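Novice: Sequence:
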Amino acid sequence: MKRAAAKHLIERYYHQLTEGCGNEACTNEACGSSPGFQRMDNNAAAIKALELYKNNAKLCDPHPSKKGASSAFPENSAKGAHNFSACSNGKMNHKDLQPAREDFRDLNNLTEEKVYEILSLCSETEDYSPLIRVIGRVFSSAESLVQSFRKANQHTKEELKSLQAKDEDKDEDEKETASGSSTAMEVEPEASASSGDGPSHGENNVQKFGPVEVSVDIDAVRRVYDRLLSNEKIEAAFLNALVYLSPNVECDLTYHNVYAADPNYLNVFIIVMENSNLHSPEYLEIALPQFCKAMSKLPLPALAKLALLWSQYGADQIRRLLETFQQLITYTVISNEFSSDNLVNEDDGVVAATKCLKIVYYANVLGGDLDMGHNEEEDDEPIPESSELTLQELLGEERRNKKGPRVDPLETELGIRASDCRKPLIPYEEFINEPLNEVLEMDKDYTFFKVETESKFSFMTCPFILNAVTKNLGLYYDNRIRMYSERRITALYSLVQGQQLNPYLRLKVRRDHVIDDALVRLEMIAMENPADLKKQLYVEFEGEQGVDEGGVSKEFFQLVVEEIFNPDIGMFTYDEITKLFWFNPSSFETEGQFTLIGIVLGLAIYNNCILDVHFPMVVYRKLMGKKGTFRDLADSHPVLYQSLKDLLEYEGNVEEDMMITFQISQTDLFGNPLMYDLKEGGDKIPVTNENRKYTHNTKWVSAGFCGTLCRVHAEQKCGETVQGLQKRVPHGH
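So the sequence shown is numbered by the UniProt record's numbering: it starts at 1 and just counts up by one.
Hint data in this document are derived by calculation from the structure and do not stem from the laboratory. On a predicted model such as this, the values are computed, not experimentally measured, just so you know. Hints should not be assumed to be uniformly reliable.
Once the Cα atoms are required to be at most 27 angstroms apart in a straight line, the calculated DSS-like pairs of lysine-lysine come out as [said to hold, decoys possible]:
1. K645 with K423
2. K693 with K423
3. K297 with K456
4. K297 with K444
5. K456 with K444
6. K554 with K534
7. K679 with K645
8. K534 with K471
Kindly produce the complete structure, drawing on both the sequences and the hints.
Specialist: Encoded structure:
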């Protein structure tokens, strides 16, 4: 990397000596544009360039009149380039002084065919410098990249201007003809304009999941990279070009809003990210971090479109993008010493790479197995926001989460949540970066997350990169702050009301009657003052001495869990095949008791107690606001799911071959059969090929679909348990 940078500086000195900066009033004595500069031949200029580099001499900025012709990779004559190369190596021969056949100086954009043409010419002469210069010029310029590798039906800006000029000439000629023919010609400008560089038809609505139309030929870009990256010299040209491209792109996006003016500007990021060598060490030091900073400046519609595009790439390409950004994060974390004084949150490279990784994360979700519907909130009416201030807010506490938990802007733009994906393209575990989790100061990160300032980045806004331990620590800080807030409120109430209130949620239970005592006490608290559930739990066992510093509470929850999930109690059933618990549809407990059980489980999470609870995934999906569906049976009741699936896919005559009705049977706690109708009069309705699935009361039911398990009794118990749990752990936390 350093050698390439030194070579580039020497070339700039050489160009300054031979061509000048373009400013006729330049005062730099080592510039060809200076009035007092003495001209020299190419050999002398090459030697002088080496001297200027050693002395770290002044370099002129290109004059505006020269910017169009100059670039980050100056185009010198082939003779000058060969002489410079020879002088830098200390050797010269006659061949070095011969001009190249063509230097492609006027080539401002590339196509697959043009790259192969230049490569063929370079292979014949065994001199790849023309191709290197072209790559350097095009890949270091955003304007050139935007126009490069266009699809066959796409026009560059130059071609559009040419077409527009032809249309204008044609219109002038047609004005002299009959009015009828001129009317026919009025359609042509519209047709030509529709094929221009404007946004594609699907860009105005990024929430529409379908083929993402872009003007760049991605397959052609991949073929070009595969052909060229095997050459080390050509690969260095891509590296150097990216170094000079990234700051300009970042500036354009930050100050000039170029994407709004030309949505095809996204082509720059599409083309660069197809480079399969971005994860190599040469890119990790300077080039890739700068490019990630530029990418993080993209507006939300561009980020959403990029995520939608990448979601169509497939698992292998998504993994390549994932590994690229993960490699950069890991390399930066290992190469630096982060501490409480030098936070990883303040490293621009790590922050930018994490933001870019978020695009890959949502692409991974979009490309997976989606279940967009079946949301619980679709059935709920929105709760109007109260304008009245609570006591906490009067005391200065910030008015947070009045409209629900914080939602990522990119998630809103895409109209999707992680819970909508049943199975992503790549397992979520691969997005976790362990070296980052080891150096992350979670107390500081949590503070940045709550303050919500743009100057401080919080990795909690990208939870996919955090492991379970780090997330649990963040949840611990959040819960502790809530507990301390409740203590302050309780102290204020005590002063105002003149009576001593308990700042803790105190539970006094008998060891032999843990469930009964706990549920009775919690039921009274939930009815009289639900806000007390936010207090820190303090447990006392009757007849035992001891202060609850956390250990007694953990023992209490352990006893509660063992009692609740005891099969002899009958509240839950245990499946020997799946090793999971499920709600017993024939239990004698009321729905209110399941609500209280949910409160107990929520209190355990709130008080940082880990529980050994094994539920099927449908319960956790319900916690995230998703409804149970037929597909959830595959996890909770696999045998039943497979039987029903075979029934739905059966190609024979269901009524005659299976002879089943819309009635199912269950057994109660004592082994007695219980019959349930899936629809009114179900015992008299045979299941046929036509009615084996139907819609009833907005609930999808299949013949034999265990309504009593997931839809009727057990769903009510599951819903009550989840509702109770959410009283202490709000949805989204």
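Novice: Against this structure, judge whether each hint is valid.
Specialist: Results for each hint:
1. With a C-alpha separation of about 19 angstroms, the suggested pair K645 and K423 falls inside the 27 angstroms cut-off, and the hint holds.
2. Between K693 and K423 the CA atoms are separated by roughly 25 angstroms; this keeps the pair inside 27 angstroms, and the hint holds.
3. As the CA atoms of K297 and K456 are separated by approximately 16 angstroms, the hinted pair is consistent with the 27 angstroms bound.
4. Simply put, K297 and K444 have alpha-carbon atoms about 24 angstroms apart, close enough for the 27 angstroms limit, and the pair holds.
5. For the suggested pair K456 and K444, the alpha carbons sit about 10 angstroms apart, so the restraint of at most 27 angstroms is met.
6. For the suggested pair K554 and K534, the alpha carbons sit about 17 angstroms apart, so the restraint of at most 27 angstroms is met.
7. Proximity of K679 to K645 is assessed by CA-CA distance (about 20 angstroms); at most 27 angstroms being required, the pair is judged to hold.
8. Proposed proximity of K534 and K471 is supported: the alpha carbons are some 20 angstroms apart, at most 27 angstroms.
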